[in-house]
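Chain order of the listed sequences is A, B, C and D.
Using the working numbering, you'd call the opening residue of the first sequence number 1 and step up by one each time.
Using the working numbering, you'd call the opening residue of the second sequence number 1001 and step up by one each time.
Using the working numbering, you'd call the opening residue of the third sequence number 2001 and step up by one each time.
Using the working numbering, you'd call the opening residue of the fourth sequence number 3001 and step up by one each time.
Calculated directly from the structure, the hints in this document are not laboratory data.
Note that beta-carbon positions come from the ideal geometry of N, C-alpha and C, so glycine has one too.
Fair warning: there could be bad hints in the mix.
A partial selection of chain A residues facing chain B, derived with a Cβ cut-off under 10 Å [unchecked claim]: (1) 223; (2) 357; (3) 415.
Think about it this way: if two alpha-carbon atoms lie no more than 25 Å apart in a straight line, the pair counts; the simulated PhoX-like pairs of lysine-lysine are [stated by the list, open to error]: (4) 3157(D) x 2048(C); (5) 1048(B) x 3312(D); (6) 1103(B) x 361(A); (7) 1048(B) x 3251(D); (8) 3250(D) x 1048(B); (9) 1103(B) x 3325(D); (10) 341(A) x 2048(C); (11) 3164(D) x 3297(D); (12) 379(A) x 1256(B); (13) 1048(B) x 3220(D); (14) 3157(D) x 3131(D); (15) 1048(B) x 3034(D); (16) 3164(D) x 3220(D); (17) 121(A) x 2269(C); (18) 1269(B) x 2269(C); (19) 3036(D) x 3297(D); (20) 2269(C) x 72(A); (21) 3268(D) x 1103(B); (22) 2048(C) x 164(A); (23) 2256(C) x 121(A); (24) 1256(B) x 341(A); (25) 1256(B) x 376(A); (26) 3182(D) x 3251(D); (27) 2103(C) x 119(A); (28) 3034(D) x 2048(C); (29) 310(A) x 1103(B); (30) 1269(B) x 341(A); (31) 3312(D) x 3146(D); (32) 2269(C) x 58(A); (33) 361(A) x 1048(B).
Per the computed footprint, the stretches of chain D lying under chain C, defined by three or more beta-carbons under 8 Å from a beta-carbon of chain C, are [what the hints assert, rightly or not]: (34) 3080 to 3091; (35) 3095 to 3107.
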Amino acid sequence: MNQPVPRLKIENAIKHFGQTIALDGVDLELMPGEIHAIIGENGAGKSTLMKALSGAHKLDTGKMWLDGQSYKPLSPHDGRSSGVSMIYQELSLAQHLSVKENILLGVEPNYRGLINWPKVKRQANQALEGVGRPDINLDLPVMELSNAEQQLVEIARSLATGCKVLVLDEPTSSLTQSDTQKLFSMMRTLKKQGVSILYISHFLEEVKEVCDNFTVLRDGVSVGNGSVAETSTDEIVSMMVGRDVKQMYPKSKHDVDEVVLTVRSLQGEHRKPEEVSFELHRGEVLGIAGVVGAGRTEMLRAIFSLDEIKKGDVKVAGFIGHASPSARWLHGVGMVSEDRKFEGLATGLSIADNIVMSSMKNLGPLGFITRRGLLKASKPWIEKIPIKCADAFAAVDSLSGGNQQKVAIARLLHADVDVMLLDEPTRGIDVGSKAAIYEMIDQLACGKYDGDGRKRAVLIVSSYLPELLGICDRIAVMCRGQLGPAKPISECNELQIMREATGTGDKTGDNS
Amino acid sequence: MSDDMKVLELSEEEQSVRDKFIYMLTHWFGPILGLIAIWAFFAITAGKDFVDLSNQQLIVLQTVVVGTAAVGATMIIISGGIDLSIGASIALTTMTVAWLLDKGYSPALAFVGGIFTGMLVGFTIGSLVIGHIGRVGATVGGIMLGLWIASTDAGWLGGLISGFILFGAVIAFNEIYIKRVPISSFIVTLGMWGALRGVAKWVGNNEPIYPENRGWVGDLMAGVPIGDSGFALPAPGVWIMIISAVIMVLILTFTKFGRYAFAIGSNEKTALLCGINIRGTQLWIYTLAIAFGGLAGILQFAFLSTGDPTTADGYELQVIAAVVIGGASLLGGEGSVLGTIVGALIMTVVANGCTKLGLENYVQQIVTGAIIVSAVGLEQWRHGAKYAR
Amino acid sequence: MSDDMKVLELSEEEQSVRDKFIYMLTHWFGPILGLIAIWAFFAITAGKDFVDLSNQQLIVLQTVVVGTAAVGATMIIISGGIDLSIGASIALTTMTVAWLLDKGYSPALAFVGGIFTGMLVGFTIGSLVIGHIGRVGATVGGIMLGLWIASTDAGWLGGLISGFILFGAVIAFNEIYIKRVPISSFIVTLGMWGALRGVAKWVGNNEPIYPENRGWVGDLMAGVPIGDSGFALPAPGVWIMIISAVIMVLILTFTKFGRYAFAIGSNEKTALLCGINIRGTQLWIYTLAIAFGGLAGILQFAFLSTGDPTTADGYELQVIAAVVIGGASLLGGEGSVLGTIVGALIMTVVANGCTKLGLENYVQQIVTGAIIVSAVGLEQWRHGAKYAR
Amino acid sequence: SDRVDLSDDSMKVQMKLVGKNVVPEKTIITDNKKIKLAVIPKGTTHKYWNSVKAGAEQACKDLGVEMVWKGPLKESDRAGQIVILQQFGTSDDIDGIVIAPLDENALLRPIQHALRMGKPVVLVDSPLNGKPGVDYVSHVATDNVKAGELGAKELLKYMGGPNKVVLMRYLEGSQSTLAREKGFLDVMHNTPGVDILVDNRYGGATSGEVKISALNLIDKIKEADGIYAPNEPSSIGVMLALEQVRLAGKKHFVGGDAALPLLRGLRKGEIDALIVQNPYKMGYEGVKLMVEFLHGKPVPAKINTEVAVVTKENIDSPKIQEFFK
Ligand SMILES: Nc1ncnc2c1ncn2[C@@H]1O[C@H](COP(=O)(O)OP(=O)(O)OP(=O)(O)O)[C@@H](O)[C@H]1O
Ligand SMILES: Nc1ncnc2c1ncn2[C@@H]1O[C@H](COP(=O)(O)OP(=O)(O)OP(=O)(O)O)[C@@H](O)[C@H]1O
Ligand SMILES: O[C@@H]1[C@@H](O)[C@H](O)OC[C@H]1O
Ligand SMILES: [Mg+2]
Ligand SMILES: [Mg+2]
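Isolated chain A, as found in the complex (with noise of 0.2 Å):
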């Protein structure tokens, strides 16, 4: 027979982290022109697969061959000059240095090692241009770039230096709209030109757009796959999840009590956020849509004494005035940072430490600390929400990106604050995960999660429209710095959010 030769094979691919099993023998198959979804539980190991693929992680045992060759790389250098490209989970740039070199880092045009700048320039922008953004200016170091700018450059790099097979891992958690769909186009042309892609999302809208076929991993090993046109969304559910998602988003209803957190006028130190005004009620979900770079983050640090305001007040229960994080904390305010690499999470130190971080208290006896103590008070949320690791004491770097995220809501709930302020929460989070948040922000919010009958108040921003729409009692929309009025859930749509978040729709009068 003369079958054709797969791009990339990979047969029982196992990977061992001391006693946690990342992989427990997959197989997969990418022919030429294929886009794959590969999707999954958060920690089911898709981005240890990735990582073996690109040479970042050596697996235990296992084969892999490219275009009939057998493939071992060494380091991700060695996968990449193999053919092999890969965007991390995590950012990976160099932020001192223009966006122009970042694209083109390690494939210089040059003479004799001096650098052809007027040609690197070109490159640059032709790579650019195939992400669909010839805007962004070439000489800019990359840190003054927002995270989805720098999202684009690194996808641009590697545009520019060439590939059979590339790997996208969550590409879009911070993509726009527009650039998402620019990526889409993008990854449409490359396959034309016969590269094979490896796509990870937990966007399954995204993946039914995209991608040809499927596999699903669950806890290491590959639990099915098939062709995206021919199964249905429920259906890679349950295959994910192992079991049927009946409702995504849980609804009890909620009653309001007294406003607890008031914004009026509020202006940060730079544009945004601009004269901001709005209430929050105890007992109610609050929802901020806007498009990336509306000053919705900006918003929630100036709540949050994070960054400084310029004008206006934040009044929290009865406190009105300066603050600073750890006083916000005493208000009983709380925040899930949306940059878990670079703030949210204490890398190094363990989950439970990172838990208890927002509040130490009752650690042990007097006051001290001990290591019981810690346990006592972290294993709860480990079980609960659920986080998969080895033991509270490991290393938070150890996790999965999706379980990571997982740890900085446990440090909210941990603290027990009564007003939440949640940035982009779901972000990373597998589709089984995220319905059990939205029922424990459902059940914080109506006083049903703990025995005491106390209603927590919520604001939540996010970028994820159905969420929003989901477990929101009202909506507000930011754009360009500016907040619309809070409107009940009841009268909200995509259509008219987006109208608003793009300032294309009417403007209508101020706030709540």
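Starting from the structure of chain A, add chains B, C and D with the ligands where the hints point.
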């Protein structure tokens, strides 16, 4: 112990043996193994002269000053900072202690004065690190102007008043115009490295101070003989170092403050997000840590019977070396007090052993350098490339 | 459907103001402004004596050694490393240059020997940083054993053979059993800090070397008088510093090697990922940078007419201070050669001005410390808390 | 020829040769008020240099001239001393320089250069590898070899004959103390029966460093009967080490210089004798010679300031007290 909560990036084999005992071992097994190996080497080559009980006492005694200072420095390094001026702090402390004794104050007061000097230096460094440059400027400027005016006809009252006016003016200006500007501890203590020696010389008017009556402060580094037996108990200074280490272990392991030091060293932004008052904590870290430096200065004074502005030159790097050989990372977030003490002992053993072997100074310098590099190299080798760069 | 909601972004307005000129200004405007302010201060207080042309020449001359070394150190710091042993490297170089001249070799050979010394030190440090500890151990051990055997009855041949055998054995052992273990440059050069001085003393058998005939190498730090006019052209050493700076600017700006230094300092992982041979690049960074240290050592020799194993004590921190005052970040990824030279000048101006004012050493030490802290503090203030750690 | 006074003329002629006609015209100054001298010690860390400073200041007062005082921090910092010398060398209002060179070779060129810039130089304390009247004006110092010999003889006296001795050296490269160490060793080598246990250990620049060095040598010190140290820090360090191991007073010990703790040790019987110099006089004479030279008067090429042996017995005699100023 201080590291109970610290976590390693587990290499693949290590994870399975994650049991507490082994865990502690992996943390300072390395340095201790190194110490034993080096000790054994000299015991074999230098013989009886080296293994003598009295020589062991000497080795411990000579570790005391660097060891006590390094106990404090461990906390600074864990929190992600560094102190390049600890040698100068020690010298300054010997001067204030000597000055107080020379003026006839009691040994107890001199002792307290020494620790206070360390705390003041620490407070200054801490203030600069967290960006209170204006506050420090106001204080120093006020004191300077006050002293100067006081030395003229205007007298003490004039000095006091004018000092306060300048202080107030600078503070006010500062509050109005200046934002807080944190400065890296490397830079702050690089500046302090010279400046504190300047201050030390100034205290003694460019001369060492030799106080006549030193009381018990002068005896802190002398062994306590048991009757006429010829044997002596370790000097009080040795106990001071041990107690310092124990206190620091307790602080780092069991208190919020100690855990905050780790958190800040591991990721300052996260610490801030989690409501840790990082600036306040840092201020206390430096104040407390360099209080141990003050203690080391008192011991150095006892060792010298002299207030010497030039003493302890180069101790800054010895102290850092001890902490790092002991397993700490200069990037912050990890370190062990016991490792630090072992690290300090390693360096003394090398110096002592080389002398016993009759090697020249320069050989000793080369060997010590090689040991610092190899100790850390070995440690790294065991851990994988964890601390690399 | 739902992903319609993933959204658009706003265009960045600030981007348009990113004009290269402004960018450069913000980069070393600060240090230059500082230099001018400090110069003006002394010009006003110390008067004619300070502003004299001959004094300006002196200031530049006295900047040359630290300045040249700092040009090299700039690259190391940009790449995220640090060199605590540059003072010792300079001392060692004065010794080898003096030794060569003393043995009657030509000035040209001594000059080359000096640079070679720097390169050798740099190569050793680089090897250790990138984890070739075994290679270095083999070389050093082999040379030592060889020299030792050679000094016995076995003679040179025996020495050579046994040296090679040890070398080979260690290398072989190394390749088989030892993984490459990178060590942080802080630790490596902390070890070298003492070890290189040991080597320097060893070269001179514990004594300085005073070569009789120094030839043109001895004149590198002397002004070149123009006839009998009393005026003199700047010493060749000044030109050497300037040329060094220009070369370094060119390397850092226009070559792959230079850009890789930035990339490694900015994000080592990314550099690795992009296929930059980081280990190889680092090896060359240290080798090249400390070759400039060798050059500085030659100039220091010319300044002293002496090979002095104890010279340049504390220069390591002066060099780092110059680089940092000049706008570099100790975290790597940024730095400017011109800023560095300005930083070095600032420190000389302070020392010179204080002397002209007749201030005591200790005042000068305090002032220099304050300037280092304020310079960096101001820089930070202008930049926002960008470099804050 | 060292002690030969040079006549006014020969001095000028020699200076002329070196200074390319720059020196003489400028050096003759008639108005004392205008004269300003720079005085540069080897270091600023010991009591010793403050005595030199006191002497120099007194001379300035007596003669009605001005001075500035500045030195490097440590006595091993050759480059630091040259830098200071150069800074004064370019100062218009400095007329002459009094310096204690911390290295006899390294400072030669800078001193010659200062002369070319019109600043004549008088040496104190330590020698320069040049010629008086050519490279420098004159030299005021202790006869250090003699001082070392004296130390050896005193030690032999107290030990009651040849025995085992330990020499604790001061610093690599310090000429004054090297000469003393040489003088000491000469005598010991020439005394049959003497066993020199240690002669190659440099203690270090500060008393703390010396104490550690001495403690590390403690076995040798225990074995020895007598110990010699050439100057202030080395003597203090050895004394501290002896106190530490409770050997103070049990070993014969001859030290150098008159710092406070050494005098106390002497009274307590921990030190047998101190060979002291007269730093105050060095400072005084150095300035005086410089001023005389600037006035065009003939000056001697070398002045040897005296040394004294201080013991418990004579410590309070007025003659000896003169040395402690
Ligand atoms: N360096 C490491 N050390 C120890 N365990 C690790 C390490 N890296 C990954 N793991 C573990 O391997 C498992 C698989 O992780 P991986 O990152 O591949 O998950 P993932 O499928 O990418 O999840 P996510 O969707 O959250 O990104 C997890 O249990 C994780 O904790
Ligand atoms: N630390 C920073 N440095 C520089 N620019 C920043 C920083 N943080 C945010 N910005 C910029 O400010 C703008 C507002 O960003 P912000 O993160 O508040 O938007 P957002 O609405 O929260 O969007 P996202 O969905 O990305 O969180 C963006 O253009 C971003 O690039
Ligand atoms: O030369 C000096 C010497 O005379 C004194 O005794 O001690 C310090 C020395 O440098
Ligand atoms: Mg992942
Ligand atoms: Mg955001």
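A quick look at each hint next to the structure:
1. 223: Since the shortest Cβ distance to chain B is 25 Å, the answer is violated.
2. 357: Check passed: Cβ of residue 357(A) comes within 4 Å of chain B, closer than 10 Å.
3. 415: With Cβ-Cβ at 8 Å, under 10 Å, it holds.
4. 3157(D) x 2048(C): violated, 60 Å
5. 1048(B) x 3312(D): Between residue 1048(B) and residue 3312(D) the Cα gap is close to 39 Å, so the pair fails against 25 Å, i.e. violated.
6. 1103(B) x 361(A): Distance of about 48 Å is beyond 25 Å: violated.
7. 1048(B) x 3251(D): Distance ~23 Å between residue 1048(B) and residue 3251(D) Cα, so the pair holds.
8. 3250(D) x 1048(B): holds, 24 Å
9. 1103(B) x 3325(D): holds, 21 Å
10. 341(A) x 2048(C): Answer violated: residue 341(A) to residue 2048(C) is near 57 Å, above 25 Å.
11. 3164(D) x 3297(D): violated, 51 Å
12. 379(A) x 1256(B): holds, 20 Å
13. 1048(B) x 3220(D): holds, 14 Å
14. 3157(D) x 3131(D): violated, 37 Å
15. 1048(B) x 3034(D): violated, 68 Å
16. 3164(D) x 3220(D): Holds. Residue 3164(D) to residue 3220(D) sits at ~9 Å (cutoff 25 Å).
17. 121(A) x 2269(C): Given that 25 Å is the threshold and the Cα spacing comes to 24 Å, the pair holds.
18. 1269(B) x 2269(C): holds, 21 Å
19. 3036(D) x 3297(D): holds, 17 Å
20. 2269(C) x 72(A): This hinted pair holds, its Cα atoms lying about 20 Å apart.
21. 3268(D) x 1103(B): Distance ~22 Å between residue 3268(D) and residue 1103(B) Cα, so the pair holds.
22. 2048(C) x 164(A): With a Cα-Cα distance of about 72 Å, the restraint between residue 2048(C) and residue 164(A) is violated, given a limit of 25 Å.
23. 2256(C) x 121(A): holds, 15 Å
24. 1256(B) x 341(A): Within the cut-off at roughly 24 Å; holds.
25. 1256(B) x 376(A): Given that 25 Å is the threshold and the Cα spacing comes to 17 Å, the pair holds.
26. 3182(D) x 3251(D): holds, 22 Å
27. 2103(C) x 119(A): Violated, because 53 Å separates the two Cα atoms, which is more than 25 Å.
28. 3034(D) x 2048(C): It holds: about 17 Å lies between the C-alpha atoms, which stays within 25 Å.
29. 310(A) x 1103(B): violated, 54 Å
30. 1269(B) x 341(A): Roughly 10 Å between the alpha carbons, so the hint for residue 1269(B) and residue 341(A) holds.
31. 3312(D) x 3146(D): holds, 22 Å
32. 2269(C) x 58(A): Since the Cα atoms of residue 2269(C) and residue 58(A) sit roughly 17 Å apart, the hinted pair holds (cutoff 25 Å).
33. 361(A) x 1048(B): violated, 54 Å
34. 3080 to 3091: Since three or more residues must qualify, the claim that chain C covers the stretch 3080 to 3091 of chain D holds, with 8 doing so at under 8 Å.
35. 3095 to 3107: holds (count 3)
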